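Working from the sequences, and respecting the hints, build out all of it.
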Amino acid sequence: MPSNSIHSGAPDAPEVGLFVTCLVDMIRPRIGFAAIDLLHRAGCKVVVPRAQTCCGQPAFNSGDRGHARVIAKTVVKTFEKFDYVVAPSGSCAATIKVHYPELFAEDAGWRKRAEDLAARTFELLSFLVDVRSFRPEDISLRASATYHDSCSGLRELGVKAQPRLLLEAIEGLNLIPLPGHDVCCGFGGTFCLKYPSISNAIVDDKARAVEGVKADLLLGGDLGCLMNMAGKLHRRGAPARVFHAAEVIAGMADGPAIGEEA
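Position one of the sequence shown corresponds to residue 148 (our numbering), numbered consecutively onward.
Keep in mind that a hint or two might mislead.
[What the hints assert, rightly or not] Estimated spans, in silico, between C-beta atoms of each pair: (1) E253 / N208: 17 to 25 Å; (2) N208 / D277: 21 to 29 Å; (3) P326 / P386: 44 to 52 Å; (4) I345 / E318: 23 to 31 Å; (5) I174 / V330: 17 to 25 Å; (6) R382 / G402: 34 to 42 Å; (7) P403 / N321: 21 to 29 Å; (8) S280 / R355: 35 to 43 Å; (9) A198 / P326: 20 to 28 Å; (10) P326 / K259: 41 to 49 Å; (11) G336 / E227: 23 to 31 Å; (12) G336 / L312: 24 to 32 Å; (13) V278 / N347: 24 to 32 Å.
No lab work stands behind these hints: they were computed from the structure. Values in this document were obtained by computation on a predicted structure and should not be read as measured data. All C-beta atoms in this analysis are idealised placements derived from N, C-alpha and C, irrespective of residue type, glycine included.
This is the structure:
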(Lines of atoms letter the chains of each structure in order from A and count residues from 1; the text may use other names and numbers.)
(Lines give C-alpha, C1' and ligand atoms only; values in the text may rest on other atoms or scores of the structure.)
Protein backbone atom coordinates (compact mmCIF):
# COMPACT_ATOMS: atom_id res chain seq x y z
CA MET A 1 0.00 0.00 0.00
CA PRO A 2 1.18 3.58 -0.63
CA SER A 3 2.38 5.60 2.33
CA ASN A 4 0.79 8.91 3.33
CA SER A 5 -1.16 8.96 0.06
CA ILE A 6 -3.71 11.72 -0.27
CA HIS A 7 -6.51 11.58 -2.81
CA SER A 8 -7.88 15.10 -3.08
CA GLY A 9 -11.57 15.85 -3.00
CA ALA A 10 -13.46 19.09 -2.57
CA PRO A 11 -11.81 21.64 -0.25
CA ASP A 12 -14.31 20.79 2.48
CA ALA A 13 -14.13 17.02 1.94
CA PRO A 14 -13.64 14.98 5.11
CA GLU A 15 -10.16 13.55 5.60
CA VAL A 16 -10.20 9.80 6.14
CA GLY A 17 -7.32 7.85 7.62
CA LEU A 18 -7.41 4.43 5.99
CA PHE A 19 -6.53 1.65 8.41
CA VAL A 20 -5.32 -0.86 5.84
CA THR A 21 -5.08 -3.91 8.18
CA CYS A 22 -2.20 -6.39 8.33
CA LEU A 23 -3.80 -9.05 6.14
CA VAL A 24 -4.74 -6.61 3.39
CA ASP A 25 -1.26 -5.10 3.40
CA MET A 26 0.53 -8.45 3.29
CA ILE A 27 -1.87 -10.71 1.41
CA ARG A 28 -4.38 -8.73 -0.67
CA PRO A 29 -3.34 -5.08 -1.25
CA ARG A 30 -5.92 -4.69 -4.01
CA ILE A 31 -8.58 -4.50 -1.27
CA GLY A 32 -6.81 -1.44 0.05
CA PHE A 33 -6.72 0.12 -3.40
CA ALA A 34 -10.42 -0.66 -3.83
CA ALA A 35 -11.10 1.05 -0.48
CA ILE A 36 -9.16 4.15 -1.56
CA ASP A 37 -11.06 4.30 -4.84
CA LEU A 38 -14.45 3.95 -3.15
CA LEU A 39 -13.67 6.54 -0.49
CA HIS A 40 -12.45 8.91 -3.16
CA ARG A 41 -15.64 8.40 -5.16
CA ALA A 42 -17.63 9.01 -1.97
CA GLY A 43 -16.09 12.48 -1.79
CA CYS A 44 -13.37 11.93 0.80
CA LYS A 45 -9.71 12.81 1.03
CA VAL A 46 -7.81 9.63 1.86
CA VAL A 47 -4.56 9.30 3.75
CA VAL A 48 -2.71 6.03 4.40
CA PRO A 49 -0.46 6.81 7.38
CA ARG A 50 3.04 5.39 7.17
CA ALA A 51 3.20 4.77 10.92
CA GLN A 52 0.17 2.50 11.19
CA THR A 53 0.62 -0.94 12.69
CA CYS A 54 -1.51 -3.94 13.63
CA CYS A 55 -4.63 -2.94 15.58
CA GLY A 56 -3.55 -5.24 18.42
CA GLN A 57 -6.48 -7.65 18.14
CA PRO A 58 -4.37 -10.86 18.35
CA ALA A 59 -2.79 -9.69 21.59
CA PHE A 60 -6.11 -8.47 22.97
CA ASN A 61 -7.92 -11.71 22.17
CA SER A 62 -5.08 -13.74 23.68
CA GLY A 63 -5.31 -11.86 26.99
CA ASP A 64 -2.09 -9.89 26.53
CA ARG A 65 -3.60 -6.57 27.49
CA GLY A 66 -0.22 -4.97 28.16
CA HIS A 67 1.06 -5.31 24.62
CA ALA A 68 -2.42 -4.59 23.24
CA ARG A 69 -2.34 -1.22 25.04
CA VAL A 70 1.09 -0.40 23.61
CA ILE A 71 -0.16 -1.12 20.09
CA ALA A 72 -3.42 0.75 20.70
CA LYS A 73 -1.54 3.87 21.79
CA THR A 74 0.39 3.86 18.50
CA VAL A 75 -2.82 3.54 16.53
CA VAL A 76 -4.55 6.29 18.48
CA LYS A 77 -1.62 8.69 18.09
CA THR A 78 -1.39 7.91 14.37
CA PHE A 79 -5.08 8.29 13.50
CA GLU A 80 -6.59 10.79 15.95
CA LYS A 81 -5.90 13.76 13.65
CA PHE A 82 -8.29 12.54 10.95
CA ASP A 83 -11.99 13.27 10.63
CA TYR A 84 -12.68 9.55 10.30
CA VAL A 85 -10.84 6.23 10.54
CA VAL A 86 -12.06 3.61 8.08
CA ALA A 87 -11.00 -0.04 7.81
CA PRO A 88 -11.98 -2.65 5.19
CA SER A 89 -12.46 -5.10 8.06
CA GLY A 90 -15.16 -5.44 10.67
CA SER A 91 -12.81 -7.14 13.12
CA CYS A 92 -10.13 -4.44 13.06
CA ALA A 93 -12.70 -1.63 13.08
CA ALA A 94 -14.46 -3.27 16.04
CA THR A 95 -11.18 -3.60 17.93
CA ILE A 96 -10.64 0.16 17.67
CA LYS A 97 -14.27 1.18 18.11
CA VAL A 98 -15.39 -1.26 20.80
CA HIS A 99 -12.35 -2.59 22.60
CA TYR A 100 -9.86 0.29 22.74
CA PRO A 101 -11.94 2.14 25.36
CA GLU A 102 -12.02 -1.09 27.40
CA LEU A 103 -8.24 -1.33 27.28
CA PHE A 104 -7.88 2.07 28.95
CA ALA A 105 -10.68 1.75 31.49
CA GLU A 106 -8.32 2.71 34.33
CA ASP A 107 -6.48 5.51 32.51
CA ALA A 108 -8.78 8.51 32.15
CA GLY A 109 -6.55 10.40 29.72
CA TRP A 110 -6.02 7.56 27.30
CA ARG A 111 -9.60 6.37 27.68
CA LYS A 112 -10.84 9.78 26.50
CA ARG A 113 -8.53 9.68 23.49
CA ALA A 114 -9.61 6.12 22.70
CA GLU A 115 -13.30 7.04 23.00
CA ASP A 116 -12.85 10.06 20.74
CA LEU A 117 -11.19 7.88 18.10
CA ALA A 118 -13.79 5.13 18.51
CA ALA A 119 -16.59 7.59 17.77
CA ARG A 120 -14.97 8.37 14.40
CA THR A 121 -14.04 4.81 13.42
CA PHE A 122 -16.06 2.82 10.88
CA GLU A 123 -15.96 -0.36 8.85
CA LEU A 124 -15.62 0.58 5.17
CA LEU A 125 -18.98 -0.59 3.79
CA SER A 126 -20.96 0.85 6.68
CA PHE A 127 -19.10 4.17 6.35
CA LEU A 128 -19.94 4.41 2.66
CA VAL A 129 -23.66 3.83 3.30
CA ASP A 130 -24.30 5.28 6.76
CA VAL A 131 -21.99 8.30 6.69
CA ARG A 132 -21.56 9.16 3.00
CA SER A 133 -24.87 7.82 1.57
CA PHE A 134 -22.80 6.37 -1.27
CA ARG A 135 -24.01 4.01 -3.98
CA PRO A 136 -21.83 2.75 -6.85
CA GLU A 137 -22.64 4.10 -10.29
CA ASP A 138 -21.72 2.78 -13.73
CA ILE A 139 -20.54 -0.54 -12.28
CA SER A 140 -21.83 -3.73 -13.87
CA LEU A 141 -21.05 -7.39 -13.33
CA ARG A 142 -22.93 -10.26 -14.95
CA ALA A 143 -22.64 -12.83 -12.20
CA SER A 144 -24.42 -14.37 -9.24
CA ALA A 145 -23.04 -13.81 -5.76
CA THR A 146 -23.74 -14.83 -2.19
CA TYR A 147 -22.66 -12.94 0.94
CA HIS A 148 -21.18 -14.09 4.25
CA ASP A 149 -21.58 -11.81 7.27
CA SER A 150 -18.41 -11.85 9.36
CA CYS A 151 -18.89 -12.10 13.11
CA SER A 152 -17.25 -8.89 14.33
CA GLY A 153 -18.80 -6.65 11.70
CA LEU A 154 -22.25 -8.14 12.24
CA ARG A 155 -22.35 -8.52 16.00
CA GLU A 156 -20.16 -5.67 17.21
CA LEU A 157 -20.82 -3.04 14.52
CA GLY A 158 -24.20 -3.90 13.04
CA VAL A 159 -22.87 -4.31 9.50
CA LYS A 160 -25.48 -6.30 7.61
CA ALA A 161 -27.75 -4.25 5.33
CA GLN A 162 -24.99 -1.90 4.15
CA PRO A 163 -22.97 -4.31 1.96
CA ARG A 164 -26.16 -5.63 0.39
CA LEU A 165 -27.37 -2.12 -0.45
CA LEU A 166 -24.08 -1.43 -2.21
CA LEU A 167 -24.05 -4.75 -4.06
CA GLU A 168 -27.68 -4.41 -5.14
CA ALA A 169 -26.73 -1.20 -6.96
CA ILE A 170 -24.40 -3.12 -9.30
CA GLU A 171 -26.06 -3.74 -12.64
CA GLY A 172 -26.30 -7.42 -13.56
CA LEU A 173 -25.25 -8.80 -10.16
CA ASN A 174 -27.72 -11.35 -8.79
CA LEU A 175 -27.52 -11.72 -5.00
CA ILE A 176 -28.48 -15.16 -3.71
CA PRO A 177 -29.16 -15.57 0.05
CA LEU A 178 -26.65 -17.83 1.80
CA PRO A 179 -28.08 -20.27 4.37
CA GLY A 180 -26.25 -19.61 7.61
CA HIS A 181 -24.91 -16.30 6.30
CA ASP A 182 -24.58 -15.07 9.89
CA VAL A 183 -22.85 -18.21 11.21
CA CYS A 184 -19.11 -18.08 11.90
CA CYS A 185 -16.85 -19.39 9.14
CA GLY A 186 -14.47 -20.95 11.68
CA PHE A 187 -11.58 -18.52 11.22
CA GLY A 188 -11.82 -16.43 14.37
CA GLY A 189 -8.24 -15.16 14.20
CA THR A 190 -6.20 -17.21 16.67
CA PHE A 191 -9.20 -19.54 17.20
CA CYS A 192 -8.35 -21.47 14.04
CA LEU A 193 -4.82 -22.03 15.40
CA LYS A 194 -5.89 -23.05 18.88
CA TYR A 195 -8.78 -25.28 17.80
CA PRO A 196 -8.00 -26.41 14.24
CA SER A 197 -10.33 -29.42 14.18
CA ILE A 198 -13.32 -27.35 15.30
CA SER A 199 -12.39 -24.57 12.89
CA ASN A 200 -12.13 -27.04 10.02
CA ALA A 201 -15.54 -28.55 10.79
CA ILE A 202 -17.17 -25.12 10.85
CA VAL A 203 -15.63 -23.96 7.57
CA ASP A 204 -16.53 -27.26 5.95
CA ASP A 205 -20.18 -26.58 6.78
CA LYS A 206 -19.82 -23.07 5.36
CA ALA A 207 -18.29 -24.39 2.14
CA ARG A 208 -21.15 -26.85 1.71
CA ALA A 209 -23.63 -24.01 2.09
CA VAL A 210 -21.80 -21.95 -0.54
CA GLU A 211 -21.74 -24.90 -2.92
CA GLY A 212 -25.45 -25.42 -2.34
CA VAL A 213 -26.49 -21.99 -3.63
CA LYS A 214 -24.36 -22.43 -6.78
CA ALA A 215 -23.30 -18.76 -6.87
CA ASP A 216 -20.41 -17.67 -9.04
CA LEU A 217 -18.95 -15.51 -6.27
CA LEU A 218 -18.65 -15.61 -2.50
CA LEU A 219 -18.32 -12.12 -1.03
CA GLY A 220 -17.64 -10.76 2.44
CA GLY A 221 -16.11 -7.87 4.32
CA ASP A 222 -13.20 -9.45 6.21
CA LEU A 223 -10.14 -10.87 4.47
CA GLY A 224 -9.39 -13.38 7.24
CA CYS A 225 -12.79 -15.01 6.82
CA LEU A 226 -12.54 -14.86 3.04
CA MET A 227 -9.10 -16.51 3.01
CA ASN A 228 -10.39 -19.26 5.29
CA MET A 229 -13.41 -19.96 3.11
CA ALA A 230 -11.50 -19.61 -0.16
CA GLY A 231 -8.97 -22.19 1.01
CA LYS A 232 -11.65 -24.69 1.96
CA LEU A 233 -13.59 -24.16 -1.29
CA HIS A 234 -10.40 -24.65 -3.30
CA ARG A 235 -9.54 -27.87 -1.47
CA ARG A 236 -13.05 -29.15 -2.13
CA GLY A 237 -12.77 -28.29 -5.83
CA ALA A 238 -15.71 -25.88 -5.63
CA PRO A 239 -16.06 -23.39 -8.51
CA ALA A 240 -17.10 -20.34 -6.45
CA ARG A 241 -14.57 -17.49 -6.61
CA VAL A 242 -14.00 -15.36 -3.51
CA PHE A 243 -13.67 -11.57 -3.34
CA HIS A 244 -13.87 -8.84 -0.75
CA ALA A 245 -17.11 -6.96 -1.43
CA ALA A 246 -15.16 -3.71 -1.83
CA GLU A 247 -13.37 -5.15 -4.86
CA VAL A 248 -16.66 -5.93 -6.57
CA ILE A 249 -18.24 -2.59 -5.64
CA ALA A 250 -15.18 -0.78 -7.01
CA GLY A 251 -15.40 -2.69 -10.30
CA MET A 252 -12.26 -4.73 -9.62
CA ALA A 253 -13.70 -8.24 -9.97
CA ASP A 254 -11.96 -8.73 -13.30
CA GLY A 255 -8.70 -9.66 -11.58
CA PRO A 256 -7.68 -12.83 -9.76
CA ALA A 257 -9.90 -13.93 -6.90
CA ILE A 258 -8.55 -14.60 -3.41
CA GLY A 259 -6.27 -17.62 -3.64
CA GLU A 260 -5.80 -17.33 -7.40
CA GLU A 261 -2.77 -15.06 -7.34
CA ALA A 262 0.40 -16.57 -8.75
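Indices of hints not satisfied (ascending): 3, 4, 6, 9, 13
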